[in-house]
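Protein chains in written order, with our numbering: chain A, 13 to 618; chain B, 256 to 584; chain C, 690 to 955.
Hints may be right or wrong, so weigh each one.
Restricting the straight-line Cα-Cα distance to at most 20 Å, the calculated cross-link-like pairs of lysine to aspartate or glutamate (EDC-like) are [stated by the list, open to error]:
#, chain 1, residue 1, chain 2, residue 2
1, C, LYS915, A, GLU280
2, C, LYS726, A, GLU514
3, B, LYS369, B, GLU358
4, C, LYS915, A, ASP509
5, C, LYS768, A, GLU514
6, C, LYS915, A, ASP598
7, B, LYS293, B, GLU305
8, C, LYS917, A, GLU280
9, B, LYS402, A, GLU280
10, C, LYS935, C, ASP843
11, C, LYS917, A, GLU105
12, B, LYS295, B, GLU305
13, C, LYS888, A, GLU280
14, C, LYS917, A, ASP509
15, B, LYS364, B, ASP505
16, B, LYS459, B, ASP441
17, A, LYS597, C, ASP843
These are calculated hints, taken from the structure and not from any lab test.
In this text, all values refer to a predicted model and were calculated from it rather than measured experimentally.
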Amino acid sequence: MTPPAATAVDHGHVTVSAPAHAPKGGLGHFLSTYVFSKDHKVIGLQFLFSTLVWFLIGGLLALAVRWQVAWPWSDVPVLGKLFAQEGGQMAPEFYTMLFTMHASVMIFLVIIPILAGAFGNYLIPLMIGADDMAFPTLNMLSYWFMWPAFFFFGASFFVEGGAASGGWTSYPPLSTNTASSPASGWGQTLWLLGLTMVGVSSMLGSVNYMTTIILMRAPGMTMFRLPMTIWGMFITAILQAFALPVLTAAGFMQLADRTLGTGFFSPEGLIVNNAVPGAGGGQPLLWQHLFWFYSHPAVYIMILPAMGMVSDILTTFARKPLFGYRPMVYSVAGIAGLGFIVWGHHMFMSGMNPALGITFMVSTMMIALPSAVKTFNWLGTIWGGRIQFTTSMLFALAFVSMFIIGGLSGIFMAATPVDIFIHDTYFIVAHFHYVLFAGTAMGVWAAIYFWFPKMFGRTMNEFWGKVHFFLTFIFMNGTFFTMHILGAVGFPRRLADAYHYETFHHLQPLNAFMTWCAIGMVASQIIFAANFFWSMFYGPVAGRNPWNANTLEWTAPSPPGHGNFDFQPVVHRGPYEYSVPGCEKDHLMQTDPPNAAAAAAALAAH
Amino acid sequence: MNASAISVPHGHDHGHHDGHGHHGHVTLQYQPGLPLSKGKLIMWLFLSTEIMFFAALLGSYVVLRFGAAVWPKPHHVHLSEPIGAFNTFVLICSSVTIVLALEAARVNKVGLAKTWMLLTLLLGTLFLGIKAYEYQAKFSHGIYPWKPRGLIYERPDLYYGSAVRARLGEPAMIDRLKELDDTPADQLSTDQVAARTRLQQVRKMVASPDQQAFDLAVVADQIMPLPAEGAAHAEGGGDGHGGHGGGLNDVFPWLRLPIVIPGGNMWASTYFLMTGFHAIHVLVGLIVFAILLSYRLDAKRAGMIENAGLYWHFVDLVWIFLFPLLYLF
Amino acid sequence: MRNRLSGIFWGLLFLAVPVLGVATFAVAPAFDHWLPKDVSTHGTQIDSLFYFILALTGIVFVVTEVLLFWFIWKYDAAKNDRPATYIHGSHTLEVVWTIIPAATLLFLAIYQMNAWADVKMRRPDMPPTVEVVARQFEWRLRYPGRDGELGTPDDLHLTNDLHLPIDEDVLIQLKSMDVLHSFFLPNVRIKQDAVPGMKIPVWFKAREAGEFDIVCAELCGWGHYKMKGRVTFEPRAAFDAWLERKYAEQEATQPAPEAGESLAAN
Ligand code: HEA
Ligand code: HEA
Ligand code: CUA
Ligand SMILES: [Cu+2]
């Protein structure tokens with residue numbers, strides 16, 4: 013009666029992607045299957061593995077940053093020897109490079125590609141009922157354009173002068189004028205090249221995603237039957253397509269300033285290091301406008317897919333329909349739309365016209381509204397549910413809990429007068445780590461634990477997953493919550509050593525505490541990595557639908573073969589029909605044929 | 256369908272990843288979305304990213320231009336409206352010919368389609384050729400987008416004076432100047448004779464270490480006079496691309512003395528940035544046309560031609576914005 | 690049973706967030722980990738806005754986090770056998786929880802405008818008291834000298850040692866010679882980026898004497914961390930005396946400022 017339902021296929025008929033079984037050997041075969049594959053699932057996994065490796069690198073960079081903040085000028089344990097600083101101690105310019113590259117790696121090589129690249133690729137065709145992306149070759153290219161970026165970012169540490177050191181925001185003239193920052197010779201140029209490559213990759217990906225979602229939905233899958241994950245990915249793709257080209261253009265201009273000697277971002281009459289660097293006539297604030305015109309929408313690029321995935325996970329484990337599906341969709345769209353008109357809130361202190369600041373302040377306040385709608389709907393979703401505490405669910409709940417903290421601190425900064433005091437202090441650092449790490453990264457972990465069975469045909473170990481969750485949750489709050497307190501004292505960010513200021517010299521013990529927590533947090537990831545790799549090969553075999561979820565990907569084999577579906581999926585309902593009264597199972601998959609009782613119930617509810 | 260019917264044997268999907276429809280995996284059907292083909296939709300979406308890209312460049316231009324204290328007039332920088340207008344015309348024609356190629360291909364007039372396509376390719380090439388000629392005119396006047404080669408100074412100040420002096424003092428230049436001084440007047444045109452006298456004056460003025468700003472303004476005017484408002488057309492001629500003859504650099508192109516164009520550096524930066532990226536887009540279009548020409552342009556290819564045409568119209572449209580911004584205002 | 694315990698365990702973990710979160714903020718001031726002393730007249734406005742938002746977001750924080758905990762606690766599948774409520778949403782609730790935050794935020798937006806305008810828009814009509822020129826990695830100060838005008842040969846030039854009178858408006862003209870810097874006086878609740886090519890006015894009124902930090906709050910290169918200055922607030926008479934003393938010192942040591950410097954400063 014319900015052909016592709018979980019029970020029917022749960023008994024070992026499922027293909028397990030085992031490389032050993034590959035029928036034809038040979039290098040060419042290997043390359044085309046695992047390296048230059050055009051299959052969206054392989055590409056998704058390639059993105060996943062690459063970004064996890066970079067996540068680790070970014071995390072270690074963060075530890076080095078924390079080391080210097082807590083114990084400035086003391087020998088760095090491992091990195092110190094690696095980079096042969098003066099006797100193992102960190103030079104201030106090295107510190108500048110560390111946080112610049114930490115942020116750049118985390119944002120451009122981890123969070124954006126893991127959300128859009130890894131999960132976007134893996135899930136979009138599966139969740140809408142397509143056999144692949146609309147343009148598989150383009151899709152492959154979007155992954156391979158990441159490699160030059162990996163190379164440029166990675167290489168920049170080893171070039172003369174070291175990596176980029178202008179902050180991830182790369183404000184000129186510091187970033188364009190080599191004399192002002194002797195440490196950044198090639199580093200900044202490589203950074204810009206890497207950024208361009210990430211841009212090309214994202215652009216190729218985003219137009220492909222949009223085309224796929226618009227044209228390749230299974231019969232019956234109307235736009236308002238799409239799971240929230242797909243909505244998140246769709247709107248993110250729109251944001252990328254429209255915001256990223258602006259950064260690319262600005263990047264080219266900065267590149268020209270550095271290499272051709274133009275002066276787009278340098279005003280006339282600079283005197284840097286007692287030398288006059290030549291052509292000017294440009295405007296430093298122009299870069300900031302262009303940069304934030306991209307990078308504000310980019311912060312939503314870094315959270316909307318996570319919000320989507322978390323919505324799906326919450327409903328699955330609360331066994332309840334999503335509360336307010338349409339408001340959720342509209343608020344994602346609202347966040348995206350408003351996201352384009354608030355970029356100036358990063359520039360309240362920049363010397364921008366203060367009257368303009370007021371308009372940006374009002375729009376920034378308004379952007380909290382759709383987020384409020386989302387938060388309340390998540391709460392509404394678990395209200396009255398039957399919550400199953402899987403690891404994935406715990407991470408999803410943590411996402412909600414932490415996003416509230418990160419979002420609320422955004423209100424402080426949106427208030428322009430308060431921002432006068434907290435701008436460029438650790439209050440900001442607290443804010444964005446709460447939304448980015450405590451928010452998005454929790455969403456990513458929720459998604460990894462959730463879709464792992466689909467990706468590898470096996471489930472991750474739940475016990476160790478919970479240990480991983482518990483430790484991460486504790487240490488994360490220990491590290492980042494205290495940053496609010498630092499911010500309240502005015503402790504400035506990006507300082508290699510702030511303790512020589514009278515105002516801040518008593519904050520060292522608190523910083524040391526945070527560093528210990530950060531060390532604990534990174535150490536806890538060993539559990540995750542071990543669980544991840546162990547479960548890939550030895551975890552319990554999962555059926556098609558281990559979580560009894562509703563969406564289309566759970567009707568396909570785990571892992572799905574090439575072409576994804578071994579039957580024609582036809583969609584009969586929205587993705588969130590859990591606990592439908594009068595239905596014998598507690599979930600009705602999107603493909604389950606309409607059954608009289610369920611249909612009646614569904615009608616009654618609308 | 257029952258479980259065994261839908262189960263997939265081990266390793267089934269390996270080895271046949273490039274051809275769809277193999278091994279009996281179902282060819283999926285889709286919910287009707289927009290009434291557009293995949294190719295056309297992605298082309299539209301791609302173009303919207305391109306719009307944002309050029310919007311950023313144009314926006315920056317506007318901000319930089321109106322934030323600048325001075326901005327050169329088109330004639331100060333050797334821009335010629337007639338050439339620009341002609342190039343605009345060329346590009347618009349090519350937009351027409353690509354449409355004609357599409358129409359021909361749709362009704363399977365393969366030969367005709369090829370002809371129109373070839374014409375489009377030629378017109379595009381002509382556009383680039385003219386653009387190259389215009390670039391050449393800038394370069395020959397020392398207007399470069401990059402620093403060490405650019406000869407532009409913003410104002411006739413002390414830095415400018417010493418730059419002129421340094422150029423005149425280069426060993427090769429000294430020889431060349433001496434050669435010029437020694438050339439009998441009858442081997443030179445009257446223009447050149449007059450210019451030689453002016454050049455000697457300039458050399459004298461610059462040689463004295465304590466020149467006045469006033470002197471330097473005169474020097475700059477001798478090296479490359481900036482046409483006054485309105486006078487430009489009457490005076491133009493000489494090099495035939497919107498310039499003005501008579502400057503020392505024009506009479507003796509080998510001189511390449513530093514010149515003064517207020518706002519010139521930023522102008523050059525934005526000009527080359529915008530037209531450069533536009534030219535790259537034109538070039539990409541031409542490559543696409545060249546590839547298309549190697550196919551049989553029948554109704555089956557109409558989709559490809561249409562997409563190429565969409566792209567080409569966009570490139571055209573960008574130019575329609577660039578032309579007035581750069582040449583007319 | 691084990692399952693039930695696990696639900697309780699996770700519920701309490703989530704409850705710890707608001708409990709410890711509020712506790713952290715409550716305890717911090719006692720350890721002097723809090724807003725530094727404020728000696729300006731406009732600072733109270735900013736601080737009270739900070740407290741207001743802290744209270745507002747604090748309430749939202751506690752309410753939402755406690756609800757989260759409560760739902761985790763109450764709707765644990767292992768604890769009750771009731772089926773999950775089959776509900777797709779509520780129009781009324783959506784309207785309510787859109788309107789209430791909207792009204793709150795709009796109120797906040799309008800409420801704070803005055804403070805912002807005071808600090809950044811209502812510039813007092815007076816000549817600059819001092820010009821601050823940021824430079825890698827120091828604060829160059831220029832007082833108008835005896836003629837009361839900046840840019841004349843009798844200007845007083847100093848580095849990193851800013852003195853200002855209390856109980857009267859001061860107007861600082863902020864510039865930068867090279868890259869971006871930010872002029873941050875934590876104890877005066879003032880922060881303003883210094884941008885090369887721009888002259889940005891900064892004004893305030895100090896109400897207490899004392900010596901405080903000048904912090905550079907915008908990344909300006911490897912020495913950003915050490916770009917420290919000191920500001921001394923003192924009564925007018927003491928300030929004038931100090932000026933006079935510095936002025937005499939300058940005349941004794943250097944007859945006139947170097948040409949390059951005045952070129953740069955203009
Ligand atoms: C995923 C990333 C992400 C997200 C989602 C956000 C979300 C928000 N951000 Fe954040 N932000 C960053 C990443 C992000 N930000 C980064 C990386 C920086 C620093 C960049 C740098 O300088 O290096 C930054 C900096 C930053 C600044 C600049 C600060 C400064 O430099 O001085 C500001 C200022 O307004 C701001 C505001 C906001 C606001 C208002 C939101 C809102 O969208 C938040 C909305 C959510 C809520 C408000 C919570 C839930 C709502 C409720 C529970 C309802 C009830 C609430 C009320 C009635 C108040 N952010
Ligand atoms: C997505 C973004 C992101 C993430 C995840 C992080 C994560 C962390 N960040 Fe970062 N940070 C930024 C974005 C991010 N940060 C940005 C934008 C800045 C501003 C930079 C600037 O000023 O220009 C910044 C700056 C910044 C500072 C301020 C520096 C300064 O201003 O002086 C500090 C200081 O404590 C810090 C600390 C940390 C810590 C301890 C973590 C920890 O959470 C890290 C934890 C890491 C892990 C836990 C690694 C986990 C590894 C795995 C999961 C891999 C497993 C492997 C396999 C399975 C193969 N960060
Ligand atoms: Cu000056 Cu930081
Ligand atoms: Cu923002």
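Hints, verified against the model:
1. C:LYS915 - A:GLU280: 27 Å, violated
2. C:LYS726 - A:GLU514: 12 Å, holds
3. B:LYS369 - B:GLU358: It holds: about 11 Å lies between the C-alpha atoms, which stays within 20 Å.
4. C:LYS915 - A:ASP509: Holds, at roughly 8 Å.
5. C:LYS768 - A:GLU514: 54 Å, violated
6. C:LYS915 - A:ASP598: 63 Å, violated
7. B:LYS293 - B:GLU305: Given pair B:LYS293, B:GLU305 holds - Cα atoms ~18 Å apart, limit 20 Å.
8. C:LYS917 - A:GLU280: Not OK: C:LYS917 and A:GLU280 at ~26 Å, beyond 20 Å, violated.
9. B:LYS402 - A:GLU280: Judged against 20 Å, a Cα distance of about 15 Å means the pair holds.
10. C:LYS935 - C:ASP843: At roughly 12 Å apart (the allowed maximum being 20 Å), C:ASP843 and C:LYS935 satisfy the hint.
11. C:LYS917 - A:GLU105: This hinted pair holds, its Cα atoms lying about 17 Å apart.
12. B:LYS295 - B:GLU305: 15 Å, holds
13. C:LYS888 - A:GLU280: Holds, at roughly 13 Å.
14. C:LYS917 - A:ASP509: 11 Å, holds
15. B:LYS364 - B:ASP505: 52 Å, violated
16. B:LYS459 - B:ASP441: 24 Å, violated
17. A:LYS597 - C:ASP843: 89 Å, violated
The structure does not agree with the numbered hints 1, 5, 6, 8, 15, 16 and 17 stated previously, though it agrees with the rest.
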